[in-house]
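Protein chains: 2
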Amino acid sequence: MPVTIKDVANRANVSPSTVSRVISDNSRISDATKERVRAAMAELNYQPNLIARSLTNQTTHTIGLLLPGSDSDLLLNPFFVQAMRGISAYAKKKGYYILFTHAEIEEDEVDVLTDLVGSKWVDGIILTTVKDNDKRIAFLQEKKHPFVVIGRPDDEKLTYWVDNDNVNAMFDVVDMLIKKGKKTIGFIGGSHEFKVTKYRLLGYLKALKSNGIDMDLNLIYEKDYTEEAAYEATMDILGYKQPDAIVTTDDLIAFGVQRALHEKNLDQVSLVGFNNTLLSQYKTPSITSVDINAEKLGMFASKLLISQIEKEAIETNNYIINTKLVERDSTK
Amino acid sequence: MPVTIKDVANRANVSPSTVSRVISDNSRISDATKERVRAAMAELNYQPNLIARSLTNQTTHTIGLLLPGSDSDLLLNPFFVQAMRGISAYAKKKGYYILFTHAEIEEDEVDVLTDLVGSKWVDGIILTTVKDNDKRIAFLQEKKHPFVVIGRPDDEKLTYWVDNDNVNAMFDVVDMLIKKGKKTIGFIGGSHEFKVTKYRLLGYLKALKSNGIDMDLNLIYEKDYTEEAAYEATMDILGYKQPDAIVTTDDLIAFGVQRALHEKNLDQVSLVGFNNTLLSQYKTPSITSVDINAEKLGMFASKLLISQIEKEAIETNNYIINTKLVERDSTK
DNA sequence: CTGAAAGCGCTTACAG
DNA sequence: CTGAAAGCGCTTACAG
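Protein chains in written order, with numbering that gives the first Met the number 0: chain A, 0 to 331; chain B, 0 to 331.
Worth flagging that the hints you see were computed from the coordinates, not collected in a lab. Since the model is a prediction, treat every value here as computed from it, not as a measurement. Wrong hints could be hidden among the right ones.
As the list claims (entries may be wrong) - Below, a sample of chain B positions facing chain A; criterion: calculated Cβ distance under 8 Å:
#1 S29
#2 T283
#3 S285
To be verified - Computed footprint of chain A on chain B; a stretch qualifies when at least three of its residues, placed anywhere within it, have a C-beta under 8 Å from a C-beta of chain A:
#4 75–83
#5 96–110
#6 155–169
Beta carbons: idealized from backbone N, C-alpha and C, even for Gly.
Make the full structure from the sequences, and use the hints.
Below is the structure:
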């Protein structure tokens, strides 16, 4: 029923090989035949069967995207959707489809990847998080399957990755606060299994040190990426000592902190989020946040992966995406 | 290099046909051979090439998901991610992959679908929004390509769809407010091009009518799905008359309303959102919202589509997913 | 400049 | 119960 290359060939009185060559605009085909074949394609409304092409070419022009599983609310973090957008926009431009998948529970992620790679369904894979000693990375490396991670991996040389300069981004935040006279600065991060938490914590510590402030473990929390966990961490900190400022690794966390501060009538305590979420500007007070350019992270992940797949000469195995501190009322 | 059905056949001393039959657990193959072939598969770590299988079977076990384009911030609405989750969870259980795509600008959506359908890459398609006179629906219907929409389409009989009972959901909200003594009730919805806005507005009007309250066009706004647009609409309403309550079609809209109310010191005005977003419970005051069960909407969309693809006997062409009014401080 | 043939890795009707 | 052959719809090395 659907029209194939054969139908076009018949219509144009040429062989299927010729039609195929016209599709790829092969220079050895005469302009006259090209015309004829194209006319036939148009009349028949022909569209190449991409599955057949994939089988022949051993390449699918499809990228696999592993998103956080249903066991956490992580996926609800706007970061992932923004990154998806960037990935998708670039991929589309390059003629790639995007398959997304996830594991119900985190431990199954390697299995999901095994299936995906084994099925030959994707030419490359993007991981949207990076952990210490990441098993998924180890697996893909061993399979020699093209992949890119968003986040800085253990092995910065062997892996393709895109990330912000999280150490410096957080350094700048804390340094700015200290320059404004803040001394007691709390840190509330997401789970420490994620590299991103680690690097932002490093930036925090570095800024304290460079300003001659001793770190205080009672002011440092690493919890889940939830509003509620952040609220509780803040209450713990407040129970210990009143800080001048609290920095966080995510706007969602900052929202929880703000709620706790507000309840305790401590709106004047400075507060900084990360990701520059839509809502951060509409909070009262509006929340200073670091724009990490999630869409751009996604775009460059796509770019790096696709050049890898297409074996282009690549000048780098990573991109550092710039961040931007967006100051709002919460630090004024 | 990768192991194929031939390699397994050689290893097990059978023909490729037999291996194929073992994979599909064909009952005509003796248990002895099955054993032998399975052993060979395990030793060689064989995984079927799904692309080849797709070409043979003319079916990809892949679902196409059309998400909102980059021209709007709609995608940032948690609804879509939640729906994605449900779609994906069910699809995975049934052995389906999910390809997502979008158009940069809305007008290109039909083109995107044309490509997707023509390429033979997906067995069916899910649309995540429904509009009046929806061209995408018309296209898919004409192509006779399996699809499901989330939302109630013009043609409720011919199209497969899942939706909430939006008329009644909003009716209940407004009726509840009226029973609490509210009389001047504003309505702020998303763009009226979306069916969902229309149905929720209908519910609002119905509730007014059934309680003998005249509608007042100055209290009704249909704008973009943004916090900012909602803020402005609220200011407009307040400029006209102080309402007892404002109902909205989305939490994001409710957030904007709340900000405006707060600025005008009108926190006592009742407020209701839709979608029961994570953050609605953490607002001050916490916001009453309607849980539309986005994940379930997605699950049933998946279910309806897959039974359609697999030509199962289907008892219905739609599912109405229940909603739940979650009362919080904003209506107390 | 163009065509016939082989091949990508599967499945399945047909034959035995 | 199992195998040889044909076919899914493409691409491309080889031949002319």
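Unmet hints by their number, sorted upward, for this structure: Violated hints (numbers, rising): 1, 3, 6; every other hint is consistent with the structure.
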